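Chain A is already provided as a structure; the job is to place chains B and C on it using the hints.
Residue numbers (our numbering), protein chains in the order written: chain A, 262 to 566; chain B, 262 to 566; chain C, 262 to 566.
Don't read these hints as lab results, they were simulated from the structure.
Honestly, I wouldn't trust all of these hints.
Any copy will do: because identical chains look the same in the list, a pair fits if it lies in one copy or spans two.
For lysine-lysine, the following PhoX-like pairs were computed, each having C-alpha atoms within a straight-line distance of at most 25 Å [what the hints assert, rightly or not]:
#1 K300 to K329
#2 K445 to K465
#3 K329 to K291
#4 K300 to K356
#5 K356 to K412
#6 K356 to K487
#7 K487 to K329
#8 K441 to K267
Given the structure is predicted, the values throughout are model-derived calculations rather than measurements.
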Amino acid sequence: MGFNRKDLLGIQDLEVGEIEHILEQARILKEINTRAIKKVPTLRGKTVVHLFYEPSTRTRTSFDIAAKRLSADTYSIAASTSSIVKGETLLDTLKNLEAMHPDIFVVRHSASGAPHMLARRTDASIVNAGDGMHEHPSQALLDMLTILEHKGRLDGLNVLIVGDITHSRVARSNIWGLQKMGSKVTVCGPTTLVPPDIEAMGAKVCYRLEECIPDADVIIVLRLQKERQQQMLLPSLREYSTCYCINRDRLKKAARDVLIMHPGPMNRGVEISSEVADGPYSVILDQVSNGVAVRMAVLYLLAQR
Amino acid sequence: MGFNRKDLLGIQDLEVGEIEHILEQARILKEINTRAIKKVPTLRGKTVVHLFYEPSTRTRTSFDIAAKRLSADTYSIAASTSSIVKGETLLDTLKNLEAMHPDIFVVRHSASGAPHMLARRTDASIVNAGDGMHEHPSQALLDMLTILEHKGRLDGLNVLIVGDITHSRVARSNIWGLQKMGSKVTVCGPTTLVPPDIEAMGAKVCYRLEECIPDADVIIVLRLQKERQQQMLLPSLREYSTCYCINRDRLKKAARDVLIMHPGPMNRGVEISSEVADGPYSVILDQVSNGVAVRMAVLYLLAQR
Amino acid sequence: MGFNRKDLLGIQDLEVGEIEHILEQARILKEINTRAIKKVPTLRGKTVVHLFYEPSTRTRTSFDIAAKRLSADTYSIAASTSSIVKGETLLDTLKNLEAMHPDIFVVRHSASGAPHMLARRTDASIVNAGDGMHEHPSQALLDMLTILEHKGRLDGLNVLIVGDITHSRVARSNIWGLQKMGSKVTVCGPTTLVPPDIEAMGAKVCYRLEECIPDADVIIVLRLQKERQQQMLLPSLREYSTCYCINRDRLKKAARDVLIMHPGPMNRGVEISSEVADGPYSVILDQVSNGVAVRMAVLYLLAQR
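Isolated chain A (complex conformation) (with noise of 0.2 Å):
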């Protein structure tokens, strides 16, 4: 089976082949980064525009070496900084650029569904970027690629994602798309940032670390975004982190080839500590390396269609 879409919207709706498909074409194209000449022909005359609602450095980057190690030409609008948008709907904006004739659109927006909009009202393809609370879908498939790499399967695998769940696009392309390849996926946070609809997706919750972390094959630890205090869902950063930290301590019972990623970037002594950031179970700058591999799988199928 391939992948033969218009747009990349979101895991929920992939099939399991298609999951495939890319995490496939990404092996292959990974290598590219690595040559000596970090450049292939393949998107040549193709052209790529960034359109980011929200700031967004590491993406939209990774996103950009993507595009351009495939020799497609990148154009970045940051309409948060941006003229375009004054007394300009999404749409207009949209349209306007479609006028001159890309072929792929990279989009984040703080609406859930922007992107889903937006690929109905165009002939280019739309990959999401991360919408609201909704998906990160290109983030998941990097998740998935590394545990792969890993572990060699991603079937019958425990993962645990830990952190502030309800806001997370990343908890839920992640819950996706490993249910989906056969994991099981625990969550577990403080229950003001657990939702509650986490269980009719399939995820098991769990409230205290300690109980789930000897069962996990991979730990996936969240940012924890520090506004999130001013709205009253954390007494204070402080207490989250005696209960939920990941940290040598806590990793004593986890399993002896426990994996622990982070989507960052990280608060260092908030959500992780130093020593398991930067210890032997990190695989945090292999999901960096796998995010542009993806990206590059995600642009080149996409354009062959």
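For chains B and C alone, coordinates are given in the frame of chain A:
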């Protein structure tokens, strides 16, 4: 007749043959934008610097796409946020960048005449991408190309420009250009927003939209800058809209093949209604596509000399 | 002797032969910038990341043009406005970007020694584009290249550096570099802006401009940061200008072939008068041109190893 100038500063000083040559070149290059590989090596190794002293995502992106589709390397200096201008004159900034051997500067500046001053002081080509309330030549050229594509001619057409004529470089460049090409131009707007010298430019003035719509082959709707209200030039947006919004009702008396144009970004419901903007007469997105084509032509012709 | 280092961190630790090699390479590559097609494929498929923790359009653009003329792909991370640094250490930012396999980082940081710390922690090359009050090696190299082109030698020349020596990384890199190459360096400025350790670096100190101008073969005028006034290091700009502005009057006692240099951007009328900046002794724009050439040489040599 060709186009052998060093600079494109305005429409006012162009010959008819030069305008025709640019438009013809744009028609030829336009096709590149719909190829699978949207890139030709024409400007390979040329350096284009976008020097923008006013914020602009739309025009800058259009020029940038035009330059890269011709394989030029581009650099963007957003002077509003740039350290390059701290304690430095406009001319020092130009001279410094010039010492790095660019071929073309695309300049936007709030002072009328700024690009002309720069053009006299550099051997590089200057393209005026908008200077104060003076000229925006690439906008007029793309408007003319769009009319030409839809009407087959410019000669003998009645073009109506509606809105804030006083502050509009789009209006000025179009009045000069369209009249050179044989169109008759009428402007319509509130008395506070129509300058007294407009008839000296050759345009007819009309204050009641109902009177001038029936004769129009083309209606160019200008963007209303909302800050005109604070300047006491407008009673209210609502009153403006009541008198000057181009909506379906008003178009009932228009020619059956009238063209509706807008330089963007639109204030839907203020100067143009959504049903008109998205309706069958609207060629607004064609303007955007032609913007890239015209800018490709301009960059190409300037780089040839 | 060649240049086989991983990084260019400063002038202080370079050998004479290494400086000569970079300057020789710059002279060879400089010619590319005046070709019709200003681009060679030397760094095709190489990735250069500009990581700027201080605002800079001028230096960043110079490095960017240098990189693209050699066909590298470039990415700009302006850390002041970037989400990449929110709650993230400098080292985490580096490590994350490193995982995307760049070849060269061009780094500017307000902390002296920051590029050196990064260089020890990455296999990628680090170019110091200015660190605190410490070094700005590419500036000293372009200054040396400019002097060499006009004087035919560095050995035995008297170079006078005027202004705020204390806060100037340009002064420090030049003092180290010029003395290595056989020049004698004198610094001149108000006592509050000349550091006590400057004589330990080998430079002569002079407080009255009139005394040191007659002997100078080259005068490097430093930019005066206006904020020095609020720091109580300067009585007033006017008094500074009265005592230290390089103007036509003062140059009457200078050598007939004196060179006037300035790293830019200039405060005309403060540290340099317009008639001197634009006059026959000024080689200020040659410095800018040589900046691109020197940076091409540095990027080229680092990428070869």
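Quick check: which numbered hints come out false for this structure? Hint 7 contradicted; others consistent.
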